[in-house]
Amino acid sequence: MNDDLNDLYQEVILEHAKSPRNFKVLPDANRVAHGTNPLCGDNYTVYLVMDGDVVRDASFQGSGCAISKASASLLTGTIKGKTRAEVEALFGKVHDMVTTGHADDSMGKLAAFAGVHKFPARVKCAILSWHAAKAAVAGGGTVSTEGNVPKAE
Amino acid sequence: MIHPTPDWSAIRKDFPILDQQVHGHPLVYFDNAATSQKPSAVIDALVRYYERDNANVHRGIHELSNRSTNAFEAARERTRKFFNARSTEEIIFTRGTTEGINLIANAWGGKFIKAGDVILLTEMEHHSNIVPWQMLAERTGAKLRYVPITGDKGLLDLDKLDSLLTPEVKLFAMVHISNALGTLNPVADLCARARRLGITTLVDGAQSAGHMMVDVQAIGCDFYAFSGHKICGPTGIGVLYGRKEVLEQTPPWHGGGEMISTVDYFKSTWNTLPHKFEAGTPDISGPIGLHAALDYLDAVGRENIFRHDLELATYAYQRLSELRGVRLFGPKGERGGLVSFLLDDVHAHDVVTIADRYGVALRGGHHCTQPLMKKLGVPSTARASFYFYNTKAEVDRFIEVVKEIQKFFGV
Numbered sequence: 000m001n002d003d004l005n006d007l008y009q010e011v012i013l014e015h016a017k018s019p020r021n022f023k024v025l026p027d028a029n030r031v032a033h034g035t036n037p038l039c040g041d042n043y044t045v046y047l048v049m050d051g052d053v054v055r056d057a058s059f060q061g062s063g064c065a066i067s068k069a070s071a072s073l074l075t076g077t078i079k080g081k082t083r084a085e086v087e088a089l090f091g092k093v094h095d096m097v098t099t100g101h102a103d104d105s106m107g108k109l110a111a112f113a114g115v116h117k118f119p120a121r122v123k124c125a126i127l128s129w130h131a132a133k134a135a136v137a138g139g140g141t142v143s144t145e146g147n148v149p150k151a152e
Numbered sequence: 000m001i002h003p004t005p006d007w008s009a010i011r012k013d014f015p016i017l018d019q020q021v022h023g024h025p026l027v028y029f030d031n032a033a034t035s036q037k038p039s040a041v042i043d044a045l046v047r048y049y050e051r052d053n054a055n056v057h058r059g060i061h062e063l064s065n066r067s068t069n070a071f072e073a074a075r076e077r078t079r080k081f082f083n084a085r086s087t088e089e090i091i092f093t094r095g096t097t098e099g100i101n102l103i104a105n106a107w108g109g110k111f112i113k114a115g116d117v118i119l120l121t122e123m124e125h126h127s128n129i130v131p132w133q134m135l136a137e138r139t140g141a142k143l144r145y146v147p148i149t150g151d152k153g154l155l156d157l158d159k160l161d162s163l164l165t166p167e168v169k170l171f172a173m174v175h176i177s178n179a180l181g182t183l184n185p186v187a188d189l190c191a192r193a194r195r196l197g198i199t200t201l202v203d204g205a206q207s208a209g210h211m212m213v214d215v216q217a218i219g220c221d222f223y224a225f226s227g228h229k230i231c232g233p234t235g236i237g238v239l240y241g242r243k244e245v246l247e248q249t250p251p252w253h254g255g256g257e258m259i260s261t262v263d264y265f266k267s268t269w270n271t272l273p274h275k276f277e278a279g280t281p282d283i284s285g286p287i288g289l290h291a292a293l294d295y296l297d298a299v300g301r302e303n304i305f306r307h308d309l310e311l312a313t314y315a316y317q318r319l320s321e322l323r324g325v326r327l328f329g330p331k332g333e334r335g336g337l338v339s340f341l342l343d344d345v346h347a348h349d350v351v352t353i354a355d356r357y358g359v360a361l362r363g364g365h366h367c368t369q370p371l372m373k374k375l376g377v378p379s380t381a382r383a384s385f386y387f388y389n390t391k392a393e394v395d396r397f398i399e400v401v402k403e404i405q406k407f408f409g410v
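The listed protein sequences derive, respectively, from chains A and B. Numbering of the first sequence is given in numbering that gives the first Met the number 0, commencing with residue 0 and proceeding in unit increments. Numbering of the second sequence is given in numbering that gives the first Met the number 0, commencing with residue 0 and proceeding in unit increments.
Excised from the complex, chain A in its bound form (with noise of 0.2 Å):
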């Protein structure tokens, strides 16, 4: 398998695609954003428990690739006990990292996700929970990879 690949695809994103965690709908949810990138089929949604600006539990549901599904897994259980503000700010590196390969040490696990940089149709696949997750914490909505930049409708 190419360098390129094994980068792509690191043994935590195939891990958690292959069994993602929080894939469940909350039941007690107060928050929810729907994501879909329609020109690949990508459909997920992100439930959010908030008690006030703090995420108090998160998770998702839906279909996608392996890159799309790892991330939704990671982030769920990133996002939890962060601030609104906190949730954002994560993104904004998120998608610097996804976009340059650059990863400082406070992004853990999700440094996994350098590698989707080298891969440029696949960014939309990595970033697209986060889109939902950033929607949720500000009320909620749908978002989409459709067009350059998503945005919340």
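Hints may be right or wrong, so weigh each one.
[Unchecked claim] Listed next, with one range per pair, are the computed distances between beta-carbon atoms: (1) B:Asp344 to A:Arg55: 25 to 35 Å; (2) B:Gly23 to A:Lys108: 25 to 35 Å; (3) B:Gly324 to A:Lys108: 24 to 34 Å; (4) B:Glu76 to A:Pro37: 34 to 44 Å.
[Claimed, not checked] Calculated pairs, EDC-like style, for lysine to aspartate or glutamate (alpha carbon to alpha carbon, straight line, at most 20 Å): (5) B:Lys406 to A:Asp3; (6) B:Lys391 to B:Glu403; (7) B:Lys331 to B:Glu310; (8) B:Lys110 to B:Glu247; (9) A:Lys23 to B:Asp344; (10) B:Lys406 to A:Asp6; (11) A:Lys117 to B:Asp355; (12) B:Lys391 to B:Asp30; (13) B:Lys331 to B:Asp156; (14) B:Lys402 to A:Asp3.
By construction, these hints were calculated from the structure, which means they are not laboratory data. Note that the structure is predicted; figures quoted are calculated from it, not measured. C-beta atoms are modelled at their ideal positions from N, C-alpha and C, and glycine is treated no differently.
Take the given structure of chain A and dock chain B to it, following the hints.
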């Protein structure tokens, strides 16, 4: 015309683009249903036109304008002959299949489709043969109706056809070869059944033109649309065939230069067929490149091309079916030259990303057939689509890569 079996390896050398490494591996180009590659003969024809003959058509008196007009109209005659249309009046140059269908939906549909009429489609249509009719239905109050398909095999459920062909049906638009399944539909039979009831017919030929013998008179359709870029021609040029009697009753779509006979400040009269449907300066190099492509395809022989593509598709289908954890779509027997598949527990986009790093160009996604994917219960499929310059050795390589992908994902 009887063609000897072509020298396929010599033919492959006519395509300069195929001789390259991608990510350190020899390119295996299996995305032909999206667009085909171009032989030197087509590239050279475009260069020659721009280096020697370029001028606007149909209005100049000077030498270059004569040359470009002659070449432009010669391409129309070549296209007529290729599809056995009765007259060049029936050959309208468009930007591609999509524009051809939109032309009919707007110009013909705008005049002949009324509230309560039914437009009959099939469940395996490309978005380009669904959305223009939805837009027309929205404007007119007409309804859409679909001929269903039967499961993963992707054949039309023709037992249902008679009950669908009710008096309200005014148009039956159908794909000839499905880009997502490879299904080859019996369009001559479908058109005959529609014609007996006075229903106008349109065939989407995007995957059949240049891949098999297509005789529009034998099919008996009123309209047939295709794209040049999928059959070795340049992008941006397509053709809409329309039966003369129907085109004569159809008002123009776009207004402007070229399509008029006389223009007054308050009223104009239309040019004759086919110019009535070609407003403005057309794509001139496109038909010239298409002409070279049609010459090239006929030199190879369309029966040869069909047989070759079918052999590769049958072989790929067989090899894939021998692997565990592969779901195959489309019919097993006679079909167009493509195979649509899914690997258990591996998303189509992961398949395509990994195949690409091995130099194998596939397509993964909904193939612009979202309703069909929903019907099949899958978000997307991976697709290998072939043309006559592809080889059995390339299919073997593709199968090795599929096995690597399965190993990589531990399935």
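Where does the structure disagree with the numbered hints, that is, which hint numbers, in rising order?
none
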